[in-house]
Structures are given as C-alpha cells and as structure tokens.
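Here the structure of chain A is known, so what remains is to put chain B in place on it, guided by the hints.
There are 2 protein chains.
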Amino acid sequence: MISPTTLSKIENIIGKKNLFTSQEDRICYAYDATNLFYLPDAVAIPGTAEEIDAIMQLANQEKFPVTPRGAGTGMTGGALAVNGGLVLVLTRLNRILEIDTENLIAVVEPGVITGDLQKEVEKIGLFYPPDPSSLKFSTMGGNVAECAGGARAVKYGVTKDYIIGLEVILPTSGIISTGVRTRKGVVGYDLTKLFVGSEGTLGIITRIILKLLPLPEARKTLLAIFDRLDTAMQTVSGIISARIIPAALEFMDQTAISCVEDYLPPGLPREAGALLLIEVDGRKEAVESEADTIYQLCKKMGARNIQTAGDESEAALLWQARRAVSPALFKLRPHKISEDIVVPRNRIAEMVSQAKTIGTENDLIVLCFGHAGDGNIHINIMIDREDRAEVNRAQRAKEQIFRAAVELGGTLSGEHGIGITKSPFLGLELNPLAVETMKKIKAALDPNNILNPGKVFPY
Amino acid sequence: MISPTTLSKIENIIGKKNLFTSQEDRICYAYDATNLFYLPDAVAIPGTAEEIDAIMQLANQEKFPVTPRGAGTGMTGGALAVNGGLVLVLTRLNRILEIDTENLIAVVEPGVITGDLQKEVEKIGLFYPPDPSSLKFSTMGGNVAECAGGARAVKYGVTKDYIIGLEVILPTSGIISTGVRTRKGVVGYDLTKLFVGSEGTLGIITRIILKLLPLPEARKTLLAIFDRLDTAMQTVSGIISARIIPAALEFMDQTAISCVEDYLPPGLPREAGALLLIEVDGRKEAVESEADTIYQLCKKMGARNIQTAGDESEAALLWQARRAVSPALFKLRPHKISEDIVVPRNRIAEMVSQAKTIGTENDLIVLCFGHAGDGNIHINIMIDREDRAEVNRAQRAKEQIFRAAVELGGTLSGEHGIGITKSPFLGLELNPLAVETMKKIKAALDPNNILNPGKVFPY
Numbered sequence: 000m001i002s003p004t005t006l007s008k009i010e011n012i013i014g015k016k017n018l019f020t021s022q023e024d025r026i027c028y029a030y031d032a033t034n035l036f037y038l039p040d041a042v043a044i045p046g047t048a049e050e051i052d053a054i055m056q057l058a059n060q061e062k063f064p065v066t067p068r069g070a071g072t073g074m075t076g077g078a079l080a081v082n083g084g085l086v087l088v089l090t091r092l093n094r095i096l097e098i099d100t101e102n103l104i105a106v107v108e109p110g111v112i113t114g115d116l117q118k119e120v121e122k123i124g125l126f127y128p129p130d131p132s133s134l135k136f137s138t139m140g141g142n143v144a145e146c147a148g149g150a151r152a153v154k155y156g157v158t159k160d161y162i163i164g165l166e167v168i169l170p171t172s173g174i175i176s177t178g179v180r181t182r183k184g185v186v187g188y189d190l191t192k193l194f195v196g197s198e199g200t201l202g203i204i205t206r207i208i209l210k211l212l213p214l215p216e217a218r219k220t221l222l223a224i225f226d227r228l229d230t231a232m233q234t235v236s237g238i239i240s241a242r243i244i245p246a247a248l249e250f251m252d253q254t255a256i257s258c259v260e261d262y263l264p265p266g267l268p269r270e271a272g273a274l275l276l277i278e279v280d281g282r283k284e285a286v287e288s289e290a291d292t293i294y295q296l297c298k299k300m301g302a303r304n305i306q307t308a309g310d311e312s313e314a315a316l317l318w319q320a321r322r323a324v325s326p327a328l329f330k331l332r333p334h335k336i337s338e339d340i341v342v343p344r345n346r347i348a349e350m351v352s353q354a355k356t357i358g359t360e361n362d363l364i365v366l367c368f369g370h371a372g373d374g375n376i377h378i379n380i381m382i383d384r385e386d387r388a389e390v391n392r393a394q395r396a397k398e399q400i401f402r403a404a405v406e407l408g409g410t411l412s413g414e415h416g417i418g419i420t421k422s423p424f425l426g427l428e429l430n431p432l433a434v435e436t437m438k439k440i441k442a443a444l445d446p447n448n449i450l451n452p453g454k455v456f457p458y
Numbered sequence: 000m001i002s003p004t005t006l007s008k009i010e011n012i013i014g015k016k017n018l019f020t021s022q023e024d025r026i027c028y029a030y031d032a033t034n035l036f037y038l039p040d041a042v043a044i045p046g047t048a049e050e051i052d053a054i055m056q057l058a059n060q061e062k063f064p065v066t067p068r069g070a071g072t073g074m075t076g077g078a079l080a081v082n083g084g085l086v087l088v089l090t091r092l093n094r095i096l097e098i099d100t101e102n103l104i105a106v107v108e109p110g111v112i113t114g115d116l117q118k119e120v121e122k123i124g125l126f127y128p129p130d131p132s133s134l135k136f137s138t139m140g141g142n143v144a145e146c147a148g149g150a151r152a153v154k155y156g157v158t159k160d161y162i163i164g165l166e167v168i169l170p171t172s173g174i175i176s177t178g179v180r181t182r183k184g185v186v187g188y189d190l191t192k193l194f195v196g197s198e199g200t201l202g203i204i205t206r207i208i209l210k211l212l213p214l215p216e217a218r219k220t221l222l223a224i225f226d227r228l229d230t231a232m233q234t235v236s237g238i239i240s241a242r243i244i245p246a247a248l249e250f251m252d253q254t255a256i257s258c259v260e261d262y263l264p265p266g267l268p269r270e271a272g273a274l275l276l277i278e279v280d281g282r283k284e285a286v287e288s289e290a291d292t293i294y295q296l297c298k299k300m301g302a303r304n305i306q307t308a309g310d311e312s313e314a315a316l317l318w319q320a321r322r323a324v325s326p327a328l329f330k331l332r333p334h335k336i337s338e339d340i341v342v343p344r345n346r347i348a349e350m351v352s353q354a355k356t357i358g359t360e361n362d363l364i365v366l367c368f369g370h371a372g373d374g375n376i377h378i379n380i381m382i383d384r385e386d387r388a389e390v391n392r393a394q395r396a397k398e399q400i401f402r403a404a405v406e407l408g409g410t411l412s413g414e415h416g417i418g419i420t421k422s423p424f425l426g427l428e429l430n431p432l433a434v435e436t437m438k439k440i441k442a443a444l445d446p447n448n449i450l451n452p453g454k455v456f457p458y
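Protein sequences appear in the order of chains A and B.
Anchor point for the first sequence: position 138 equals 137 in numbering that gives the first Met the number 0, and the numbering is continuous, going up by one each time.
Anchor point for the second sequence: position 32 equals 31 in numbering that gives the first Met the number 0, and the numbering is continuous, going up by one each time.
Simulated from the structure, these hints should not be mistaken for lab results.
Since we're looking at a predicted model, the values are computed, not measured.
Please note that the accuracy of each hint is not assured.
As the list makes no split between identical chains, a pair holds if one copy fits it or if it spans any two.
To be verified - Distance condition first, Cα-Cα at most 35 Å in a straight line; then the derived DSBU-like pairs of lysine-lysine:
#, residue 1, residue 2
1, Lys210, Lys298
2, Lys154, Lys122
3, Lys299, Lys210
4, Lys154, Lys299
5, Lys118, Lys135
6, Lys210, Lys355
7, Lys299, Lys118
8, Lys122, Lys299
9, Lys8, Lys438
10, Lys135, Lys154
11, Lys135, Lys355
12, Lys438, Lys210
13, Lys330, Lys355
14, Lys16, Lys118
So here's chain A without its partners, still in its complex pose:
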C-alpha cells in the first residue's frame, strides 16, 4: 500500500487532477488485453519526464512498485500492477516531436499511438513499418517496451529494428539518453536495444528516436486458397526460394477460415485447408514482376483459388478475412488464450498439426493463423473462463504447445513478450545461467526492484 503521505507527495509532483485513487478509477487501469485483473494502489498520469523522474526518486525512498503503462493492449500482462503500487500512465506524453524528412528519422513521445505516427509519416511519403494488430490503439512506448511485431516483420523487421535512440528514466531515477540519431552508431553498450523489449522492467521510456524508410511506391496483394496446409507452406518456401521477401505473408488454418466464414461471409470455402494472404511492395516494376511470379507459383502448387487486388480497396477486401479472425473466433467460445510462438519457417505445418492434436487430446478448439513468412504462429485456444475444467485443460495444452515449439527449434514469443502469462515457462527456452544473467542486469539497474516487479522472470 502507498501511504497517504506518499500519495500527497505524488500529488505535489504531478498535480491533483493527474493522480487517481478512487476504486472506480483504479479499476480502469487494473486490466490489459490479457483480461487479468490486478488493482493498483493509485494511478498517476504525469506530463513530463521530470515528473516521472521525481516519482521514481520517491518510489525508491518509499519502496513502492511502479508499473509503466501505455494503452494497455499488451497480451502478456506487462502493464499490470501485479504487486500493487503505482500504475504510471504515459498517455499524456503523446507528441510527435519531429519528423526529419531529410534524414528519415522521427522523434516521438511514448504516448503517441502507433497508427497515428504511421499516418503522419505516410502523408509525406515516409514509412514506419512495424504493424502490430493493435496499432490503432497501442502506443509507441508500449510497442518499444514489448518489441511489437506485425505482418510486415517478414520483410521489414520488428520494432527494435527501427529504434535507434531513447530517453529513459532509470529505475533508481535519473534521465539518460541512449543511442544516436544517425543511421549507425557503436558508442558503448547498446542500451537502446536492451531497453527495447525489456517490458518496462529496466526503465521508463520518455522519448523515442526511430528511423523511417521511404514509403514503397507500389503494393500488390494476393489471396490464395489451398486444400492442404502443408501445400500452402511449401508455397511459402517456394516464394522465398524465388528470392522474393513479401511485405506480408499471412496464413489462416481451416478452423480460422471456417470461423471467419460464419462471422463475415466473404465466400471462403469452409473446407479449405489453408489461406495465404501475400503482399509485395516496392518499386512499381518489381512489384508487378514479383506478384506475377507468386501468382504462377501458387497456381503451380495447386491453389484452388487465387485472387489479386488491383487497387487499395480491393486489397482491403482481401485483408478482410485475415483481419476478421480475431473478432470472429469469439463465436466459437467466449474467451481465448492467444499465444504467439515462433518456429523455423519450414516447421510451421508440423507445429500447426501438433497444436491441433494437442487441442483434440485436451478436448479444446485450437485455431492457428499468423505470420507464415517468419514462422510466427498465433495459436488460439478457445475457452469459456467460467468453465474451470476447460481452463485447466487449456493451461495444460498451452504448456504442451510451448514445449512443442521449443522442440521444433522455436521460441515462446515472437512479439507479445513474456510478462506474467509466459514467465512460468521461461525455463523451457532459456538455460538457468542465461536467466541469471538477465536477473543480474535487472538487479544492477533496479536494486530495489521498484520498476514493474514480478514480470518476465519466474521468481
């Protein structure tokens, strides 16, 4: 519990109207996209890095936990105050400070919504590729803290590939700048990349320097339906072998297709084994030629149907099925456990098949979709949280899926992070000495364990 004296000190730092202590207000910040619930003692919405710095000083004096939070769209509980204490919301730091069109660099505050930044830079012919599904709501700070990915990662990489510098408040207080605002820089340890993906446990990000690309001049989208998932995945391999890295290379399995067809009939063949959604972008001439190669390849591999979008609105129609999966699957069961394991690209069919078997054996509906291009599969276990037996079976299935992913040479998480929902399984992937090394870094930077305690590591 944070004492009333301490609360009034926080109030002095950020102003009365930016500190929330009523139960109603605290409940609003007790959730994130995991749907888990941890009530914080108080919620602070500071307006400057200096205010955050002062709060961190106080937190170290009074020893209360601080959990940074963006829009709360995280999938693994990173923004939940699992030990109580203060939730520190960064949404007031929401300015795009600079878009440097000559050097292709932007400087933003953590509360900027990812999609808003993308729109702004695209208006002037620039491009910020990372595109997590939550981009209309999620903030840049959260994206950096979790190292968000997205469909375009196969060609363009993930958040960390674009972050070149940060301003960070350290867990023990103090403001540092990391990295550079140039395209290269190797001065000292790469603190920037250490903070990216550290899930708010090593520092509070208050400013982000990121690199941009020129907006590709052309784009072409194809949707191909296959009878069998393994044929679809052989097509994925074929595309890469043809030296084409598409800007998106998404798949849906049969359950996902059928489920979308119930929700939003776009005329998908319900019994099809897999759907591939493929997008190429770049120089106009290359896009035409690549799309043609992909079309021919899909045909050769026996795709039962191939649609090509001629313009943006046709492309949006093709994306509709893929975008509808997440809402559609709640028709199957009211809740889902959504995991984002990754396997080597050529093991996707095997992983999906194992996930299905694990589902069947545990009497659960399991459906798979995601980023075929980089092996990042979103495995959704559908449940009703009220059904305790089903929840228990799902927990067992989840662990079996993680084990299968690691055995196939993969990883527990491609873009959601570890947080609290995956921390019990960290040891499946990392050896104890690697975990100990990470904990040493945490202890060195946050000796009082103030910042987002209880995350990442299985304590």
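Relative to chain A, chain B alone:
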C-alpha cells in the same frame, strides 16, 4: 604477470602447442590495425568453448586479464592486451556449422572469416550483407564484437541487424545461449544485442546464429563526378527523396580523389570536388529503373561525368578508385589516424568542410571518404608517427573533429567501436549517467574485471 604455475594450468587445458609464451610469439599478438603495441603475458589458442570456459574459471581464480582476439583487424584497439595477461585467440573455432537454406539462417564459429562466409552463402543464392573493408581478413567474432558496418549498411544495416543468437562464455565462466534461431523472438532481455558491439568486454562469443537474405538477382553500379562536394551531397538527398535506398552510396572528397589518381591512375579529374559511387540491387526490373532514375538525377544535378557498369567486371573497375583510397593515402604521409564518425546525412558536406578547416588550422592533411548514404564519414588525418609535433597536432585535430561531429547531431563511431583510441572522448557523446549504467552492467557480469579490461570506458 601470469605465474608459471598458472601457465601450466592453461597448458593443461588447451595443450602445450596452443599456448605461446616466447617473446617472438607474443609480439605477433601485441598489435592490431591501430598499430599500437601492448605485449601480452601469454597467448592461448583454444579449440573449444569448454576450453575457453575452463580458462575463464582459472582467470577468475587467479585474477589475470583475458583479451579475446580474432584477426586483429580492429581499428580502435579492442584486441590489445592493454593490462597484459592472456590474449585468447579464437581463430581455431573456424567452422561454418550450418547453412539452413530453407529458413535462411547460418550458424558459424567466431573464427570464420567474414568474406569466406559470404562466398559460401552466395554460392547457393543467399546473402550475408555486412561488408567491412577488412572482410577478406576479419573474423565473424570480431565483426560481432565490434558491430562491424560497411558500404551496404545504408540499405542492409550493420552486423547487429543480422545476429539473432549467440553462444557466449561469461566473464565469470559458464556458457549461455542467447536469442533464437527464428526470425522473431522476444523472450527475456535481448542479451544478443547487448553482446554485439560490447567489444569483448561482456563475454567471449563462441557461436553465432545469423540470418541471411536471398541474394539480390541483379545489381547496377554508377560512378558520378561532381565539381563540388555539396552538390554531390544534394544528389545523395535527391536519391533518397526519390524513394531509392541504394545498396551502396559511397563518396570521396577532392583530396581522396587526387590521392587515388597519384596511386592508381584511373583517369579521375584531380580537381573534382567529389565522387559518388552508387550501387543498386534487387529485382532486375527495379534495378534498371532505379539506376535510370539515379543517372537522370546525377545529370540534373550537374555531374560532370557519369559512368555506368554493364557487368560485374565493369563494376569492379568503378569500385577500384574507392577501394584504392586506403592504400593510396599512405603516399601522402606514412601513417594515418582514421576515424569513423557519423553525422545526419544532410550534414555531411558541413562536417567534411569543418574537418578540412580543422586540418588546415592544425597544418595537417585531412581527407574524407566513406558512406554518404548513412552519414558515416571516414576522416583520415595523415601523419608521420616519428614527428611528435605532428602527432600532437593530430591528437588535437581528432578531438576537434569529434566535437564537431557531436555538435552536428552525430556520433564518435559508426562501425569501429570505442576500444582505447576513442575512450577518452566517450564523455563528449554520452552523459555520465549513461556511462555509469553501462559500467553497472559490466560490473554485474564481470565483477573481477577479467574480460578485456581498460576498454570502452575512460577509467
């Protein structure tokens, strides 16, 4: 000094023939590309990670420094045993363990020569882009430790952008695996990126997992001569504004052009203000169209001469001038101080002009060339080391150049690292709290300060 008892223990670990203690042998490992000289007490050339692990255990017991070393091509003294102790040479760990053509991943040992890896993967249509000038000699371990760059960084990024996992011996001993062998992964802190560029101070790299790309199917090279450097740099901006990111976008200033013309007359106009060497690669159709756009742009910007290579051998001819700079400049003076500062791309002309002025004011020959596409300028101060007054003037000029780079929003080092030659200047760029944070990480991982002491930080 390492005691004879300790030396015999090292001998027991790696075998008599792999430990060198004679003065002649130690002298061979007392240099690197800085030409500075630090004689180690002994040189060990272990054959396995387990042997290195055992040496690190011993080093912590007996408290002797260990300096890892690849081919010794480093430009900032990273491989020099500045506190004596043991130089640990990794060249026997030189196997390419795996090239996974389906998942576009390779696994290599640190002693593999970068150029050899490139040749191997290119044979089968794959591509490892980072191309430091030393690639025919430098090792992958050294490239990772220093985060080597190269001409292709403008489009393809630097070493850290390709390293997805490592096996590392910790400073206190113990072997850990970091990262993944998939295209994505966010499990725990990004230790991989922390080790990359840590200059052998945080761990000894014994295995490297890296991602590959498909080899671009076509390439086109252009060489353009400009009367003025600033016009050349406006052309660089124009190329990027045309949404083209070339695979190389190199420049040479007038002194560099003239110096190459003395060395290897390719018929360059000695009085020209700047030369741009531009290479585009990718899908055939795009390459043709991009090369054409660039040609037109150079023409419009008043290039006095534009040559285009029709094939690989013509391209090699165009590269000849750029590749000849490093050997040619020793015609000017017998030694050089070579710095690799970076400024925002649109400040290159200003930085070069300031470097020239600093040269003139200190009565020194200064010449600039490098990577115009990413603002990474190789500034070479030509000296005769026997001339103490000149060396002192060069040291003063070097500091002035660093200050100018930082004032222009740049950085001390784009691809060479800090080592010992830049460590006195670290504070010009990093604030004290950032340096302290890095030192805390070093102390947490290497409490006895065994591994490559005296590097990076101004102690």
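Q: Of all the hints given earlier, name the ones this structure violates by number, lowest first.
A: none
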